[in-house]
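Here the protein sequences line up with chains E and G, keeping their order. For reference, each letter of the first sequence is one residue, going 1 to 590 in our numbering. For reference, each letter of the second sequence is one residue, going 1 to 365 in our numbering.
Take the hints with a grain of salt, since some may be wrong.
[Said to hold, decoys possible] Taking lysine to aspartate or glutamate pairs in the EDC-like style, the calculated list, with each CA pair at most 20 Å apart, reads:
hint : chain 1 : residue 1 : chain 2 : residue 2
1    : G       : 68        : E       : 551
2    : G       : 330       : G       : 285
3    : G       : 14        : E       : 542
4    : G       : 23        : E       : 559
5    : G       : 26        : E       : 572
6    : E       : 546       : G       : 104
7    : G       : 68        : E       : 543
8    : G       : 29        : E       : 551
9    : G       : 68        : E       : 542
10   : G       : 29        : E       : 571
Read the hints as simulated data drawn from the structure, not as lab findings.
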Amino acid sequence: MATRGKKKKNPQKSDKKESLQLSLALPGKLKPKMSLRTKPPSLRAKRSKPSEEIASSPSAPRNDKNAIARETVGIAEKLAKKQQAISVSEFFTKNRHLLGFDNPRKALLTAVKEAVDNSLDACEEARILPEIAVKIEPVKDQKDRFLITVTDNGPGIVKNQIPQIFGSLLYGSKFHSLKMSRGQQGIGISAAAMYGQITTGKPVKIISKTSSKKDACFFELRLDMKRNQPVVLKNEQMEWKLAHGTEVEFEIEGKYQKGRQSVDEYIRQTMIANPHCAMTYCAPDGEKLVYTRETAHLPPEPKEIKPHPYGVELGIFLRMLHGTTARNVKTFLQNDFSRISPKIAGAILKLAGVSHSQRPADIAAGNAEGIYRAIEQVKIMNPATDCLAPIGEASILKGLEREVKADFYSAISRPPSVYRGNPFIIEVGLAWGGEQSMEEPTTLLRFANRVPLLYQPGACSITRSVVTTDWKNYGLTQPRDSVPIGALTIFVHIASVWVPFTSESKEAIADYPEIKKEIRLALQECGRKLSTYLSHRRRAQEEGRKKGYIETYIPHIGEALREMLNFSEKEEQKIVTNLRTMLEKGKIHG
Amino acid sequence: MVSKLLTSPLKAIKETAQSMKAKIDKRVKPEMKFPVRSLQNVKYRPNIGYFELGNKFKSRTLTYNTVKSFAQTLRMMSVSKTLIETDDFASKREMYYISKNWDEARFDEQPESDTVMDDIEALYMVNREQLGFIPEEKGGEVAGSLIVVDKDNDTGKTLKIDCTKFGSGAYSIPISVEHLNFETDAKFILVIETAGMFQRLVQHNYWKKANCILVSMGGVPTRACRRFIRRLSEEKKIPVYAFVDCDPYGIGNIYRTLKVGSGNAAHINQFFCVPDATFLGITPEDIKKYKLPTHPLKDVDIKRARDAVKNDPFFKHHKQWINAFDELLKMGVRAEQQALAKHGLNYVIDKYLPDKIKKPGDFLP
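Produce the complete structure using the sequences and hints provided.
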């Protein structure tokens, strides 16, 4: 991310497409999120300064061309011209893997996922218990084509915002506001709609209703990919069944295949991590799954926090420096970061040898780096952790109980911790036994901000933490370098304002020692509970088995004695009863 | 006087059941005490001449772990009681099949039921035949100057079986021999390892020439065979000479079992061994003396020989046997009885046996 900055020297106020492509390269960080629909003012504020938007958009680490461009303005301009020639659709087609559309199967999943994640975020932000319906229908006479309909009971979207949200790719940035949301997962609903349009040519249809007193708005939109502008094909008022909510419908090319990385699995796992959500899912094969709400307890609303100085990289720091509204550098430090008091700001600037009153925009690159280095040397309090909204032990248990039929469940929410200035919480759940197979390897369910991670398990810190934990200590069998074997589901959730993914595709968690340690501790805590359960269970089983064993043979002793001594059947019964009392009541071991 | 077996274990079985019931009525866990049946718990008593059971016991208290074998033991005792009362018998194999009626208490394999049978045998210090159980194996064959006095099963009339009148065949020793009586004027009993050698001696009426009784063991002698020889030799005061292969199996297993009994069934050895038997041949010395053709000792032979010298209480007691084994191991070869045929088929009858019989004092103990 250190390649920021240079765009600033090369302002392209009028170049909308440039900004579009940039944003496309950064699916996770700049994202047109439905969450924005409830906040039109802030949105407008951001959009009113397009140059800033561009300048402050973070670069894609893989976009190395930008680094070269910094050297020579001329080349950069040439490059900029070339970039203009690339259409969004072309870019999209070439870079579909960045956005989660690598292959038809994953494309179907990503499209559904974007829509559902948006719906959940919208509902939660409006403090509404989500009720979502997902319907995937194969399109008649068209191979590998599906009609996706996602309906939610969210707050709805204001009429004039609808075309922008669904019809243009870049719609605001969340980069500066660090807030826990599902958002980091993908590029957004408009990308899914665009993918649909590229592969099928079909427009996207939206119904949205904000209040029971009003009619619903119906839109049919096409994306003008050259200009990144929505084209409204139809716009009508209509009656609609729900009091409020949004329904989006689009057609895409994809492939439906059951299994570990299927839409079905995504829905199932989403329901585990979101037990407060009710869901109706109609799969392409006609199967209808209804998930009832397991808890009426909405997760607490996550708070937005400013970046913590320890978590900011130099490039971002420079960009913040130049983008700030603060008058002087001291105020900048105090206002734009969390946990910097006037005293600490003073200490930093003193250490860096920079005057308090300097205007942030005037600070030379060398001095800026000085300040950046000084930050590392000053002891700053950890960020506040109340910005996180963990699922909570009770809800994890509810979610697991709903989806995994097991004999034993346990869950643990770790206290918040911090990696590189970013607060995070690890939560772990275990479900053992029940209908799960004793021979199969453990099912590992990974979640980041309540969103299931279905791809790249091997690259993920969660998987590594599970594999490197010694499960034999807890009474399980575990092959070398592998997850434990037998009737176990492990649920691991990381909640953070900034989830450190290994790559743009947002599929695996990066290896930060702090995160790994927390995962390990949580796993161990659950493991210990499991181990206690297993040993109790084993003891109970053993006793049951022994009792049955004794019960099996005692009558033979009675019968044999009766045969040898010719006494009555009543006498025999007495002997059997006596033996049973002696063997079962007393020490059963022997 | 010939040692007599316990008259009937019937009373003993009832007593066991009675005392067990009494304990259970008092809610005290019953227990059974069995002598340990293994070479570790065996002593060679030179003065009486056989293996005797030591005084190690395993006590089996009724617990979770023992409940199955308790049930099986008692059920088998009950079967035994019925067999004795009805004067019937069951073979070891049949006993195993009888247990198939016992549901979960049944035996899965015959060795399990045989073990329980051996335990009961040892518990009462009786012979399994007395419990109503008989082995499958044949007892051995007899030919020569002997009349066996038996009874007709239907009429109860006395039967006199003349063992000289079997022609080229032989009298077969029954599984139980306690009721038999003998009439003979033979000078000795020659006990032979292989059926082949026995056949040769019978064909050429060697018994007539030497006035003896020939017994074929066919390998390690069965209990009935040993008991038969024991009773015959004790009652008629006739010496017993063993004629077996010169190898660690012939000496260490066949002859040793004949003479002092088996380590595994030491509880009844006092009845099932022939302490007065002596070893006629083939000795290691014979191999050299008669220049017999030999085979090299196999690894298993060498192991068996070393084991006998080191662990077998009987061989350890006799310096001559230690020397004989050392000699055998030094030569590294073994020789079969039939190797004498090298000098002519009837060499054994014409030369070897007559030579040997002249000096019974030279026989190995």
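> Which hint numbers does the structure go against, in order from smallest to largest?
Replying inline: 3
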